[in-house]
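Taken in sequence, the protein lines are chains A and B.
Heads up, the first sequence is in this note's numbering, so the first residue is 1 and it goes up one at a time.
Heads up, the second sequence is in this note's numbering, so the first residue is 479 and it goes up one at a time.
Don't take every hint at face value.
[As the list claims (entries may be wrong)] Per label pair, the in silico range of CB-to-CB distance:
| id | chain 1 | residue 1 | chain 2 | residue 2 | range |
| --- | --- | --- | --- | --- | --- |
| 1 | B | A780 | A | R460 | 35 to 41 Å |
| 2 | B | R499 | A | G209 | 28 to 34 Å |
| 3 | B | G671 | A | K416 | 53 to 59 Å |
| 4 | A | A325 | B | D952 | 46 to 52 Å |
| 5 | A | P343 | B | H812 | 54 to 60 Å |
[Unchecked claim] Taking lysine-lysine pairs in the DSSO-like style, the calculated list, with each CA pair at most 30 Å apart, reads:
| id | chain 1 | residue 1 | chain 2 | residue 2 |
| --- | --- | --- | --- | --- |
| 6 | A | K288 | A | K177 |
| 7 | B | K741 | B | K784 |
| 8 | A | K53 | B | K598 |
| 9 | A | K130 | B | K510 |
By construction, these hints were calculated from the structure, which means they are not laboratory data.
The beta-carbon is built from N, C-alpha and C at its ideal position, and this holds for glycine as well.
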Amino acid sequence: MSKTIEGITTERSEKLITETLNEMPEKAQKKRRPHVGANEPEAETCAVKSNRKTIPGVMSARGCAYAGAKGVVWGPIRDMVHVSHGPIGCGFYSWGTRRNLVQGVPGVTSFAMDFTSDFQERDIVYGGDKKLEKLIGEADQLFPLNHGISVLSECPVGLIGDDINAVTKKMEQELGKLVVPCNCEGFRGVSQSLGHHISNDSIRDFVIGKREFEEPSSPYDVALIGDYNIGGDVWAAKPILEEMGLNVKATWTGDGAIEEIAATHQVKLNLIHCYRSMNYMCKVMEEKWGIPWVEYNFFGPTKIAESIRKIAALFDESIQEKAEAVIAKYTPGAQAVIDRYRPRLEGKTAMLFVGGLRPRHTVGAYEDLGIQITGTGYEFAHQDDYDRTSAEMAKGTLIYDDVSEFEFERYVEELKPDLVGSGIKEKYVFQKAGIPFRQMHSWDYSGPYHGYTGFEIFARDIDMAINSPTWKLVKSPF
Amino acid sequence: MTENAVKKVYRTTPEEVDKVRKWILTEDYKEKNFAREALVVNPAHACQPLGAEMVAHGFKDTLPFVHGSQGCASYFRSTFNRHFREPAPTVADAMTEDGAVFGGQNNLFEGLENAYTLYKPKMMAVFTTCMPEVIGDDLTAFIRNAKSAGHVPEDFPLPYANTPSFNGTHINGYDSMLKSILEYLTEGKKKDGAPKESLNLIPGFDGNTANYREYKRILEAFGIPYTLMADISDSFDSVCDGTYRLYPGGTPLEDAADSINAKATISLQKYSTIQTMRMVKDTFAGSAEVMPMPIGIKNTDAFLMKLSELFGKPIPEELKAERGRAVDAMTDGHQYVHGKKFAVYGDPDYLLGLVSFMLEMGMIPWHVLCSRSNRKFEKEMKALLETSEFGTGCNVWINRDLWHLHSLLATDPVDGIIGDTHGKYLARDHKIPLFRVGFPIIDRINLHRTPLIGYNGAVNLLSMIANKFLDIVDDTSDDQWFEMMR
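If we strip away everything but chain A, and leave its shape as in the complex, we get:
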């Protein structure tokens, strides 16, 4: 039986969508209509369309291919120098603004900094390849403990016809380190998503298989894929897998090491959290090296326990026993969290709009706390993400793809959730309206939210957001 939420019906949602879109110019209406719908949990494919061009002028929250490459895939790799190749802005805005935490000594062994070629007019006119070559040499000299250099192209690089691949190839030979080109110009594709794909392809073409692990392999070697260590998520998830008896040989790419990523073709199983951004490489490793992959969800105790069992089922009994022991060990703690917060949150509703994973993966965690999700959507997801979403959501709930600020405001106004979980660009819009909000990309400078330790922090934060006494001050007595 699919879930239902009192007061949420397909008819109400359809009416709301129609009324909202009616205010748009006809052409925009036609384009937007396929991207919004009422959820049909039983349907095999979600009717909501996605991964299409952003409609000009509607105020989309989307980023670009460069953002997907720098911010998501490459940025979290701690031991590489990531060069934002092009003008100054892209590297500046993406410097330290995603919360992908890393170990290491900043500037010595880890490089969460802004490296850029700071293109000037002359670079546009004469090309930037020579500058890039020199730059890579300088970076390696000044940061000698780097284990590689990635070159992330910004818009002008592709437009002026530079050949960064030739430069990186030459410099890789010269330096004896991984020097990786990534043609992720921001105008490519329709969102961050193509940046993920292009980055995966760069890993496929220039990284994976180029290293081997020193130590002998074991049947329990796995890689943790699609966890970016936002607010320390990897550090909350990895110990669970290790307690299950698995060897986490590499993390992609949160707190990741490029040398380990390059040897990941030797693992026995890939565990993927963010399907959207990393499914490509899982499929490559499956095809080329026969490595199976499995999706899991480490948000909230219900999904965590399900995932632990799902992963353990792919191993022998010793792992399965340890998996049950892990669940038995952590469930009482998680239950204590639920006992503490659920009475304060029971019956509340929330609406989500996030990136490529959390609009569905966090639903269970909210439900563990007694909160129902009345609407959800993604900035840059594809059909396969929406198909995975329908079953998680109640019948008739709103599903919106690449929602514009105009629509989102109206949907929230009508459904009156107790919480909106979305991004920094949406946060203050809703808070001005007196609606509690949590940033669900950055965990609002908190976290981790993954794993059992993360659930406790998540529960605290959601309670804090909804039940803060500050909301009572919004309406003045005069």
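Keeping the supplied structure of chain A fixed, place chain B upon it in accordance with the hints.
Then chain B, alone, in the frame of chain A:
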């Protein structure tokens, strides 16, 4: 084809870490670091369109419109969201690969039409990202065509600015957009007769909303009618009362249109208003004055005296008393900062203001760094330093970045750093306090709500700096040196 043997996973040894950790603090490293020609590491400046967007937010009922890639708009918006903790409604026309081939005219048409209908602005301020600049989009023609094709009404204000990111910084984008808006709104608005008893005040690129409020308070104390240009104080410091307002503040468009008739225009930031002030000088009825940002006593004195001179009004008693209190605070507190050395980085005009204040206090602006500027600024800063014994021997670094500063702080250390949030790694590496001034500040709350200009601003700056040093004394002193009074 022979294949090389696959390398084993390499892990850095503790010895290597130790060696490099020490090496990056040496003169040898500094020399290599300063020999860099191509690589920029940790710059302290952003790109042009960011500044253009700030200007657009500063006008009433105005929607910033990004012509170019969608992702750029999201970067600018989130930078403002993080600094001000406020919404930053902005649309983009989301050009993609076909735009690169065919140009962005269709995107612009559709974008203007949608934004006009959905967000009901009274003006859209259009500015560009790299992409249309590289492919050579003709914005003048596109906008004319958009109007004649009826995507927006003929009389709808659509000022626009070319803001290529591969040229200049955010302050140049600020300048271009402001010039364009003022040019657009004032066209044909010049009246015959004597100029109006009114002042146009241009604060320049400033992420401190309280500074704008302070300017207004000062002008109101004088009783001088004014138009504060690109006034972001209510746009980026808006009320929370249960209603979200798309356009909560900004300079009224009618006031901006009438600014051409004002008796005088003062810019308080020279380097961020070069083009604007040239245009004002050429076309506005009144006089055009460029003054240093009123940070510190002397610069504030100069500002007030200029106001008094231009409008024939005495300096208000209220402000005289404020000056007295500020000087009282500075004489009382000088001992906590006198002779302390600082590194300071940021935009040229902010730097000139801050350095002026520091010299007044007996603080030593030992390293003054601007990560993109020119010889003119360098010369002006050096001349300022030469006005005081506290500027003797101080260093001006232009087109150097925060990683250069890392080397400088290792080899030629200071007591404090003044700059935006991006300096926090320097502060940590070198165990020097960071005083957050500038843009963006994305790791502390409400700093943009404390004014730094004017006499009150001088007190605020001094309090922030001196009290931190006192905290450090208390936090680090051994028991026998820990005491009640400081």
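Outcome of the hint check:
For A780 (chain B) and R460 (chain A), the hinted distance range of 35 to 41 Å is not satisfied, since their beta carbons lie about 52 Å from each other. At about 32 Å, the CB distance of R499 (chain B) to G209 (chain A) agrees with the hint of 28 to 34 Å. Checking the proposed 53 to 59 Å range against G671 (chain B) and K416 (chain A) shows it holds: the Cβ atoms sit about 56 Å from each other. In this structure the supplied range 46 to 52 Å holds for A325 (chain A) paired with D952 (chain B), their Cβ-Cβ distance being about 49 Å.
About 57 Å separates the C-beta atoms of P343 (chain A) and H812 (chain B), a value consistent with the hinted range of 54 to 60 Å. With a C-alpha separation of about 24 Å, the suggested pair K288 (chain A) and K177 (chain A) falls inside the 30 Å cut-off, and the hint holds. Simply put, K741 (chain B) and K784 (chain B) have alpha-carbon atoms about 13 Å apart, close enough for the 30 Å limit, and the pair holds. Using a Cα cut-off of 30 Å, the hinted pair K53 (chain A) and K598 (chain B) holds, with the two alpha carbons roughly 23 Å apart.
At most 30 Å may separate the alpha-carbon atoms for a hinted pair to count; K130 (chain A) and K510 (chain B) meet this at roughly 20 Å.
Hint compliance for this structure: hint 1 alone is broken.
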